[in-house]
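Asks: Turn these sequences into a full structure, and let the hints steer you where they fit.
Numbering (the numbering used here), first residue to last: 1 to 213.
Just so you know, these hints were derived from the structure itself, not from any lab. Hints are all accurate, no fakes.
Straight-line distance between alpha carbons at most 25 Å, and here's what the computed DMTMM-like set of lysine to aspartate or glutamate pairs gives:
no.	residue 1	residue 2
1	168	180
2	177	68
3	208	116
Pairwise CB distance ranges, derived in the manner of DEER restraints:
no.	residue 1	residue 2	range
4	198	163	46 to 54 Å
5	73	187	33 to 41 Å
6	76	198	52 to 60 Å
7	144	68	38 to 46 Å
Treat the numbers as computed from the prediction; the structure is a model and nothing was measured. C-beta: ideal position from N, C-alpha, C; glycine also.
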Amino acid sequence: MQKSIIALILFALFLIPLYPVYAQSIATPAAGKPTTAIQRAQLLKNNLQASPGTVGDKIASKGAQLKEKLLRFRDQRKAKLAEKINDNLNKINERRTNQMMDHVSKLSNILSRLDERVSNAEANGKDMSSANAAIADANAKIASAEASVSAQKLKDYTIEATSEATIKADAAAMRNKLHDDLQSVHNLIVTARQAVANAISTAVSSAKGGGTP
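Replies: What follows is the structure in structure tokens.
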């Protein structure tokens with residue numbers, strides 16, 4: 001395996017930023033070679049592109065209902081603030097999940113390139129069994145992250161306005177829920193990133209004849 005190619009992959013991997021968190025499952029083939037990371041990423045991208053209309057309509061409908069409630073508040077300053085917070089929550093979720101999806105796609109692409117290099121090394125007589133196991137583990141971690149991003153993308157964070165007296169607490173509760181949900185997805189992406197890094201390290205060691213690092 002060419003050192004320059006592995007170095008390029010490592011460089012690309014650690015250039016990928018892990019986006020900070022603000023305060024549907026993936027189909028599995030029934031038979032044959034497992035779906036590649038790139039194919040899974042493209043499948044997820046297609047699924048997400050097919051759903052925004054429905055999700056957006058749902059959010060818009062609930063947002064309209066919230067605004068009707070807020071119009072009945074005596075304190076319209078409080079109502080306007082709640083409306084602004086509400087609008088921001090779903091925008092933040094959309095922006096962060098788009099960033100996360102881009103990150104997962106980059107990890108998938110890197111792992112796919114690594115898989116090709118490992119196959120080439122095997123064709124040249126290298127024992128790459130440890131590398132293949134590490135790649136399989138990374139594939140599983142990426143699949144888990146992909147599914148989590150997909151589910152997060154479809155979530156709605158419209159504030160549940162119980163009453164004017166509790167609107168501040170209601171807004172804080174929804175903001176905290178968004179933070180916790182994004183943090184959970186973020187953690188899965190970190191795990192996937194670490195698994196890809198381990199797969200690269202294992203592949204380099206195996207290609208040199210060192211086995212498992």
